[in-house]
Amino acid sequence: LEVERESLRARQLRARDLLRGDLEGKDLEEYVEERLLTTTLENVLNWGRANAIFPMTFGLACCAIEQISLVTSRYDIARFGAEAFRATPRQADLLILSGRVSIKMAPVVRRVYDQMLEPRWVMAMGACSSSGGMFANYAVVQGADKFMPVDIHVPGCPPRPEAVLHGLNKLQRMIRGRPDLGWRQRYNAEGTEEWARFEAGEPTPEAIERAALAVTPKHSETPPHLTGITDREEETDA
Amino acid sequence: MPDAPGLELIAQGIEEGRQDTVIETSFEHDRATLVVDPEGVLHVLSWLRDQPGQAYTFLASVHAADYLPATPRFAVHYELLSRERVERIHVKALLEDPAATNGDSPSDAGLPELDSCVELFPTAEFQEREAYDFFGIVFRGHPDLRRIAMPEDYVGWPQRRDFPIGGEPVLYTHNEIEAPRWFE
Chain E
1 LEVERESLRA RQLRARDLLR GDLEGKDLEE YVEERLLTTT LENVLNWGRA NAIFPMTFGL
61 ACCAIEQISL VTSRYDIARF GAEAFRATPR QADLLILSGR VSIKMAPVVR RVYDQMLEPR
121 WVMAMGACSS SGGMFANYAV VQGADKFMPV DIHVPGCPPR PEAVLHGLNK LQRMIRGRPD
181 LGWRQRYNAE GTEEWARFEA GEPTPEAIER AALAVTPKHS ETPPHLTGIT DREEETDA
Chain B
1001 MPDAPGLELI AQGIEEGRQD TVIETSFEHD RATLVVDPEG VLHVLSWLRD QPGQAYTFLA
1061 SVHAADYLPA TPRFAVHYEL LSRERVERIH VKALLEDPAA TNGDSPSDAG LPELDSCVEL
1121 FPTAEFQERE AYDFFGIVFR GHPDLRRIAM PEDYVGWPQR RDFPIGGEPV LYTHNEIEAP
1181 RWFE
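As you go down the protein sequences, you meet chains E and B in turn.
Under this note's numbering, think of the first position of the first sequence as 1, with each following residue one higher.
Under this note's numbering, think of the first position of the second sequence as 1001, with each following residue one higher.
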């Protein structure tokens, strides 16, 4: 700690010398080199874009009420630089689909998205805009990504404002070009995907186990953990 | 709410103006219902609205219903309210399904038809459009009969009981096995 304090004092003195114009020659070059940060233009641009997202003032259904509370002092989306909700798609970067998209609204949503300028991002907020949610019927599009690209899906019905902010943070990291890893990458769990058991070749033990559990009748007389899975491997292989 | 004898008097008054209009009266759970001939529904509504002593001047709701296994299949319900006496009366017009009698395929058969009551109650305009939109009931004489909630180019009458509910089956872990290779 003592060393840090000394080096800080030294840097302060050098900064004072620079301001007075006392630094010259090699000392000046050293100082400048210390203070400069080199990066690419793209990185700077993305840094700026990520920290100044203008969302669209656009609500579809009940999730829009939660979206409103994002701006309040309790949640304060301004902490992440996204508090400027623009009332026109021409000025907006982010379209938050807050609610179910009915088949009559889908062309409108698509048009709003088309009017936004590049670069633009879309967040599907809640279950309905991600998958249709509870509205599995003739009137609602079963997932907004059927007619437009969606960058972030935030689950929930409705999602808490914190969840939306978490999604916004993830989106910011995507914009900076360093997206978060999925949980399978983070926990080193590749090969356990739902389709792993369908893949050709030797199935992984995990896949066999999962397939065996899936074909077990839900209300079988013997619980699956008592029957063991060894005699079921043949069924699933067939 | 007219009581049960009052309902019979109303039915009698309507019958004096037009024979065989009231098919049935029912009074259940303090709710007075007149089941009427669909051709005479305008007579019933105007009588209830204009007859001195009745004055059901407020049309609270127009809605349709589909009672599929039953015949007649459709019904249009009118909920009338007298705001002076705070009394309600319920008029129900039963409609046959022309598709059931005309042909085998519903597409070439007509839609059930009924007189529009927009002339009597202007508030019925949107509600009749809604009934048309969801049940395919045509209101004769309606000034602007087109879909109100569904897209204009939508095909079908989605609230009919024989209309598929739509949507997609949701895949969970327990029914994933029923849709093999869904990820393709």
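Don't read these hints as lab results, they were simulated from the structure.
Glycine residues also receive a C-beta, built at the ideal position from the N, C-alpha and C atoms.
Each hint should be verified, as a subset may be incorrect.
Stated by the list, open to error - Simulated coverage check for chain E against chain B, where a stretch passes if three residues somewhere in it have a Cβ under 8 Å from a Cβ of chain B:
1) 11-18
2) 180-187
As the list claims (entries may be wrong) - Which residues of chain E face chain B? A partial, calculated answer using Cβ under 8 Å:
3) Val108
4) Arg110
5) Asn137
As the list claims (entries may be wrong) - Not close to chain B: a few residues of chain E, all C-beta gaps over 12 Å, as computed:
6) Glu4
7) Lys26
8) Arg74
9) Phe80
10) Ser102
11) Ile103
12) Lys104
13) Pro107
14) Arg176
The hints, checked one at a time:
1. 11-18: violated (count 0)
2. 180-187: violated (count 0)
3. Val108: Not OK, violated: Val108 (chain E) not within 8 Å of chain B, min 11 Å.
4. Arg110: Violated: closest Cβ of chain B sits about 13 Å from Arg110 (chain E), beyond 8 Å.
5. Asn137: holds (5 Å)
6. Glu4: holds (54 Å)
7. Lys26: It holds; Lys26 (chain E) is separated from chain B by about 63 Å at its closest Cβ, greater than 12 Å.
8. Arg74: At about 33 Å from chain B, Arg74 (chain E) clears the 12 Å cut-off, so the statement holds.
9. Phe80: Given a closest Cβ separation of 33 Å, the condition holds.
10. Ser102: With a cut-off of 12 Å, Ser102 (chain E) comes too close to chain B, as the shortest Cβ separation is near 9 Å.
11. Ile103: violated (6 Å)
12. Lys104: Contrary to the label, Lys104 (chain E) does not stay out of reach of chain B, its closest Cβ about 5 Å off (not over 12 Å).
13. Pro107: For Pro107 (chain E), whose nearest Cβ neighbour in chain B is about 8 Å away, the distance does not exceed 12 Å, so it is violated.
14. Arg176: holds (30 Å)
Violation of the numbered hints given earlier is confined to hints 1, 2, 3, 4, 10, 11, 12 and 13; the remaining hints are satisfied by the structure.
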